[in-house]
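**Student:** Input sequences plus hints: build the corresponding full structure.
Taken in order, these protein sequences are the chains called H and C.
Using the working numbering, the first residue of the first sequence is number 869, and each one after it goes up by one.
Using the working numbering, the first residue of the second sequence is number 244, and each one after it goes up by one.
FYI, nobody ran anything at the bench for these hints, they're computed from the structure.
Positions of the beta carbon are idealized from the N, C-alpha and C atoms, including for glycine.
Check each hint, because a few of them may be wrong.
Claimed, not checked - Computed cross-link-like contacts, EDC-like style, restricted to lysine to aspartate or glutamate with a CA-CA straight-line distance of at most 16 Å:
hint, chain 1, residue 1, chain 2, residue 2
1, H, Lys1171, C, Asp416
2, H, Lys1171, C, Glu420
3, H, Lys1171, C, Glu413
What the hints assert, rightly or not - Okay, the calculated bits of chain C under chain H, using three or more residues with CB under 8 Å as the criterion:
hint, stretch
4, 398-411
5, 439-445
6, 469-482
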Amino acid sequence: MAQITLSNLRHSYHPNPSSDDDYALKKIDLTWEDGGAYALLGPSGCGKSTLLNIISGLLVPSEGKILFGDQDVTALPPAKRNIAQVFQFPVIYDTMTVYDNLAFPLRNRGRDEDIVKERVTAIAEMLEVTDMLSTRAANLSPDNKQKISMGRGLVRQDVNVVMFDEPLTVIDPHLKWKLRSKLKELHQRVKATMIYVTHDQTEALTFADQVVVMEEGEIVQIGTPVELFERPAHTFVGHFIGSPGMNVLPCSVKDGSAYFHGERVDLEGPISGDVDGAAEVGIRPEFVSVSTSGSGVDARVRKVADIGRHKVVEAIANDSRVHAILEGEAPNVGDAVKLDFKQSQTRLYKDGWLASTPAEGV
Amino acid sequence: MSLELKNVSKRVGQVTHVKDTSLTLETGHFNVLLGETGAGKTSLIKLMAGLDSLASGQIILNGRDVSGLSAQKRNISLVHQFFVNYPHMTVFDNIASPLKVAGVAKSEIADRVEEAANILKLKPYLKRNPHELSGGQQQRTALARAIVKESDAVFLDEPLANLDYKLREELRDQLPELFAGRGAVVVYATSEPEEALLLGGKTALMSDGHVVQFGPTADIYRKPKDLDAAKVFSNPPINSAPVTKKGNTVTLNTGTSWTVNEAAAALADGAYTLAIRPNHVMPVESSAHTVSLDGTVQVTELSGSESSAHFDMDGQSWVSLSPGVHPYNVGEVHTFYLDPNHCFFFAPDGQLAA
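**Tutor:** And the structure:
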């Protein structure tokens, strides 16, 4: 196992890229620490698959280097990189038993049968598939097939990295949850470096210690799930993470204060840099409270969804849509309400990027 | 308008895919079919749409018996999980196709396609072919075709399952408004409990080829008829454990006991299954969360705004889902607190008792 370094990586599918727009990966500098659980999160077309293919060696980047430890592997083919991959669809041999499937990556590298047995037994136990070891893979349910695929990815102890490419796409929600916790548990036990590629925020945030958020070929933010939730560095992260995502409201900045349709909005703290004129206020639905009296921004309730553990209110304030997540009682559709933004969670964004800093002493 | 199923069933060989099912689905709200893969959602939709023949029973659409009619003769629309468009036709022609088949005048076709394209934000793409569109745009094209047709019934079979998470959120938000006021009976199949709650309307919980419970979505979430229904309508899975009830006290196998509310106290003494949703089991004590339980933490997950902990309590695997961030030590015993006012008690036959 080794630390993985991506240095000045750029990739274009065009033969003669001329502008930044021609690059699927614009410029990536990133270090994956040995033994970390990472997620690569972004919408379709953000470049995450391109990046994954570069790490696995299926693609040679137009510019830049990939290092495994100190070794430059940029030009090495996949087979020489000593990595394991788990794909969206199960990759197993239907005619073989579960045992032989799990043993395959080890036997393929000429390991002794004693070692094969020890590893297969251990992995099978972790995955809770011991009772299936003699079953033919063809007879397994789809989620068990994917479990075995994961097991094949994890059975070797000498790999540099295990990469998961949307591994739960074909799995039912109630089983997704089980496989996800299983994977997390496995990471805690085997301590291999794992990279999990997905467009699903829930999967990314629950699996990873560090999430790398990508958009349009660039890394927008790297952080822990809590950091991404609490201080999105960009409105894209605010929107992409959270359900519903962060409210992003137009505002104007004058003399260090932000105004939403003429009304002053109290920000978390001072504005960083020289911001004047059009900007945006970002506030998560979790930190918007709704009342029929009291202070706040005037709004009218457009929709209320009761999702069991809380209610999601959609209100319209000066043509802007604002979501609020409420525990307990919610107003009725059509009600005139006041929206109050929790000050410590109200941030300013300029050209998409975070432009406010926490108040001192917070 | 309504779509009525009277004792319908479907068998393939020896296997029953849909068991004796009766349901009345109405217009004006979404009718959600919620169940795991294999529960029979798609089988039931195929019967309603006329893509499959009934083994028994009747299907009545707006008062007309359509049981023996093919899909083409039922005036219905169907949108699948996989994006189905005509690859060789432009987006305009794809949306227009049901109108052309119906012999609608050219000028009217143009108007109606434009209206549907407007609603689904497809106007800039009308001249493109489907393969030049993103997944979301392709699925919106399929939805536009379903809208333009003015069908009596629209069947949406997990239409968002193959879309990006955020796109799914956006379309799910728009769908109820899209079909509001169109008069069609809308049936929407999903395997995600939260999606059913967000869509509202009525929900039919499906398990093992039959409808376990049907009613207003929020009502059946709050009052599952039996343990099966409670399980289908919970993600993460609902926590459950055997309890013994005596007088106004219930006791877990671990020895933990507490005083129950009046409704539960009124039950006959004996053995029950306790079930409680993960969001009513908290990692800290509060005025509502008063009953303490010790569990060994197995896995923890953090979704930014919420923390969940999977823990083992006397051989039962339970989950706690709480707002905010909570530090847990995996492998160690943590004390959780349940809210005694949000417990369900199921009788030995599985039926909800209190």
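**Student:** If a hint holds in the structure, say so; if it does not, say that too.
**Tutor:** Now the hints, each set against the structure:
1. With a C-alpha separation of about 10 Å, the suggested pairing of H:Lys1171 with C:Asp416 holds against the 16 Å cut-off.
2. Our distance criterion of 16 Å between C-alpha atoms is met by H:Lys1171 and C:Glu420, whose separation comes to about 11 Å.
3. Between the alpha carbons of H:Lys1171 and C:Glu413 the distance comes to roughly 14 Å, so the proposed pair stays at or under 16 Å and holds.
4. A count of 4 residues in the stretch 398-411 of chain C with a Cβ less than 8 Å from any Cβ of chain H is obtained; the coverage claim is therefore met, three being the minimum.
5. Three residues within the 8 Å Cβ limit are the bar, and the stretch 439-445 of chain C against chain H gives 3, so the coverage statement holds.
6. Counting residues of the stretch 469-482 of chain C whose C-beta lies closer than 8 Å to any C-beta of chain H gives 3; at least three are required, and the coverage claim holds.
In summary, the structure agrees with every hint in the numbered list given earlier.
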